[in-house]
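Could you slot chains S and B onto chain F? The hints should help.
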Amino acid sequence: MEDEVRVAITTDADLVTARAEGRAMAERLGFPRPDPTLIATAISEVARNIVVHVGRGEIVLKPFEDAGRYGVVVIARDDGPGIRDVEAAVRDDYSGKGGLGLGLPGARRLMDDFEIDSSADSGTTVTMTKWRFRDELASLREERRRRA
Amino acid sequence: MLDSARARQLTEQLLGAIREKRATVVVIDITGVATIDRTVANHLVQTVEASRLMGARTILTGLSSEIAQTLVDLDVDLGMMETVGDLQGGIEEAERLAGYRAADASDADGDVAT
Amino acid sequence: MSVAILRQGEYVIASILSDLSDTEVLELRHELAEMVGRHRSRGIVIDVAALDVIDSFVARALRSIVLTARLRGADTVIVGIQPDVAIAMVQFRLNLEPLRVALDLDEAIALLDRLTQGDAVDGG
Numbered sequence: 001m002e003d004e005v006r007v008a009i010t011t012d013a014d015l016v017t018a019r020a021e022g023r024a025m026a027e028r029l030g031f032p033r034p035d036p037t038l039i040a041t042a043i044s045e046v047a048r049n050i051v052v053h054v055g056r057g058e059i060v061l062k063p064f065e066d067a068g069r070y071g072v073v074v075i076a077r078d079d080g081p082g083i084r085d086v087e088a089a090v091r092d093d094y095s096g097k098g099g100l101g102l103g104l105p106g107a108r109r110l111m112d113d114f115e116i117d118s119s120a121d122s123g124t125t126v127t128m129t130k131w132r133f134r135d136e137l138a139s140l141r142e143e144r145r146r147r148a
Numbered sequence: 001m002l003d004s005a006r007a008r009q010l011t012e013q014l015l016g017a018i019r020e021k022r023a024t025v026v027v028i029d030i031t032g033v034a035t036i037d038r039t040v041a042n043h044l045v046q047t048v049e050a051s052r053l054m055g056a057r058t059i060l061t062g063l064s065s066e067i068a069q070t071l072v073d074l075d076v077d078l079g080m081m082e083t084v085g086d087l088q089g090g091i092e093e094a095e096r097l098a099g100y101r102a103a104d105a106s107d108a109d110g111d112v113a114t
Numbered sequence: 001m002s003v004a005i006l007r008q009g010e011y012v013i014a015s016i017l018s019d020l021s022d023t024e025v026l027e028l029r030h031e032l033a034e035m036v037g038r039h040r041s042r043g044i045v046i047d048v049a050a051l052d053v054i055d056s057f058v059a060r061a062l063r064s065i066v067l068t069a070r071l072r073g074a075d076t077v078i079v080g081i082q083p084d085v086a087i088a089m090v091q092f093r094l095n096l097e098p099l100r101v102a103l104d105l106d107e108a109i110a111l112l113d114r115l116t117q118g119d120a121v122d123g124g
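Chains as they are written, first to last, in the numbering used here: chain F, 1 to 148; chain S, 1 to 114; chain B, 1 to 124.
Quick caveat, the hints were computed from the structure, so don't treat them as lab data. On a predicted model such as this, the values are computed, not experimentally measured, just so you know. Take these hints with a grain of salt, some might be off.
Not close to chain S: a few residues of chain F, all C-beta gaps over 10 angstroms, as computed [unchecked claim]:
# : residue
1 : T17
2 : R33
3 : K62
4 : V86
5 : A88
6 : D113
7 : G123
8 : S139
9 : E143
Estimated spans, in silico, between C-beta atoms of each pair [to be verified]:
#  : chain 1 : residue 1 : chain 2 : residue 2 : range
10 : S       : A68       : F       : R141      : 37 to 47 angstroms
11 : F       : R56       : B       : S2        : 22 to 32 angstroms
12 : F       : R56       : B       : L105      : 36 to 46 angstroms
13 : B       : G73       : F       : A120      : 24 to 34 angstroms
14 : S       : A68       : F       : D3        : 48 to 58 angstroms
15 : F       : L100      : B       : D113      : 40 to 50 angstroms
16 : B       : S21       : F       : E27       : 18 to 28 angstroms
17 : S       : L74       : B       : G37       : 43 to 53 angstroms
18 : F       : F64       : S       : A5        : 16 to 26 angstroms
19 : B       : L67       : S       : G85       : 38 to 48 angstroms
20 : B       : A4        : F       : A20       : 13 to 23 angstroms
21 : B       : Q8        : S       : L74       : 24 to 34 angstroms
Built from N, CA and C at the ideal position, the CB exists for glycine as well.
If we strip away everything but chain F, and leave its shape as in the complex, we get (with noise of 0.2 angstroms):
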């Protein structure tokens, strides 16, 4: 099992470190193609928001496994001013021009789970995870509940 691996982002050089780091976990957890370029590119858009608004924090990118499962958690944190309108952030309005700019609708839209926690005090924290089952009878099942 390995480790998680933490990226500091302060300069946009940081940007391509933080997008190599989450497409070589992607790989090495075995996630076929095209997830590991989804997941990079959602990390470049958080990561790159935390540069552009705030000038400093981090990323940390933790892997899991369980029994029937695999994936990674991607947590984008600063102690920036916070997004004052959260709702604005993260509405999807199908037009890729929403979102205020910040690509996290589209980030979400590459992601399994996102969660966004701002506010003035604690900065911003974004959470977004991707995974996948092990085995395709799993998959297939999960789709149909999904559906249902």
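Structure of chains S and B alone, referenced to chain F:
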């Protein structure tokens, strides 16, 4: 039955083939596939859009009326998808598109959004 | 050196060689605008095959290159979007107007030839 794991494989093969074979036009024939659910239909549409970003056009052929209805219900931008009734027609359309340089170039201006 | 830029007649061909930082993306945008202005180029081809992520920032920068080039009389064609990247861009629903794409460099040049000829016919 086209499920989502197979749909993902289809996408990978299709897009990989576009790159490897330098294909500017691709025909996907789904004759014999009676129904697809919304997840797979969405996936198919995204594959067509992705192929467009790679500089290729994708033609879907052999759509059952039920699948055609699913696509309509999904509110898919049908202007962006090319569909032809049968495989033969699809191949003829593909040849026409691939030969565009010789003829009228008005379709082939590389736009990704219609 | 992260981007190789060369001129081929009236066209500028920019090949991105590795993942670019945001600063490098903006430098590329600046460089291309300069070259088009200096040489009155009619077309730009940007090869993005080495980019394994194209996110909203890169998409915006590409759009900006296209629009700026247009103002200076040049058309822009993007080539080499990788399959996984194309899927990510579609799923992300990036706004990709007014990007033009082509399969590869040959197709891009052929497209630019058609477009620039069209311009000549239209406007003189």
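Practice problem: Note whether the CB distance of S21 of chain B and E27 of chain F lies within 18 to 28 angstroms or breaks it. | Solution: 22 angstroms, holds
Quiz item: Minimum Cβ separation between D113 of chain F and chain S greater than 10 angstroms?
Solution: Holds, since 17 angstroms exceeds 10 angstroms.
Quiz item: So the hint says 37 to 47 angstroms: do the beta-carbon atoms of A68 of chain S and R141 of chain F match that?
Solution: 29 angstroms, violated
Quiz item: In this structure, is the beta-carbon distance linking A68 of chain S and D3 of chain F contained in 48 to 58 angstroms?
Solution: Check passed, 50 angstroms falls within 48 to 58 angstroms.
Quiz item: In this structure, is the beta-carbon distance linking F64 of chain F and A5 of chain S contained in 16 to 26 angstroms?
Solution: At 22 angstroms between Cβs, range holds.
Exercise. Would you check whether the claim that E143 of chain F is not at the interface survives, using Cβ distances to chain S and the 10 angstroms cut-off?
Key: For E143 of chain F, whose nearest Cβ neighbour in chain S is about 6 angstroms away, the distance does not exceed 10 angstroms, so it is violated.
Practice problem: May I ask you to check that K62 of chain F keeps its beta-carbon over 10 angstroms from the closest beta-carbon of chain S? | Solution: 25 angstroms, holds
Practice problem: Just tell me: holds or violated, for the beta carbon distance of L74 of chain S and G37 of chain B against 43 to 53 angstroms? | Solution: Cβ of L74 of chain S to Cβ of G37 of chain B: about 45 angstroms, so the range 43 to 53 angstroms holds.
Quiz prompt | Minimum Cβ distance from V86 of chain F to chain S greater than 10 angstroms, as the annotation requires | solution = 27 angstroms, holds
Quiz prompt | Minimum Cβ distance from G123 of chain F to chain S greater than 10 angstroms, as the annotation requires | solution = Its Cβ never comes within 10 angstroms of chain S, the nearest being 34 angstroms, so this holds.
Practice problem: Would you check whether the claim that A88 of chain F is not at the interface survives, using Cβ distances to chain S and the 10 angstroms cut-off? | Solution: 24 angstroms, holds
Self-check item: Interface-negative label, S139 of chain F against chain S, beta-carbon threshold 10 angstroms
Solution: It is violated; S139 of chain F is separated from chain S by about 6 angstroms at its closest Cβ, not greater than 10 angstroms.
Hint compliance for this structure: hints 2, 8, 9, 10, 13 and 21 are broken, all remaining hints hold.
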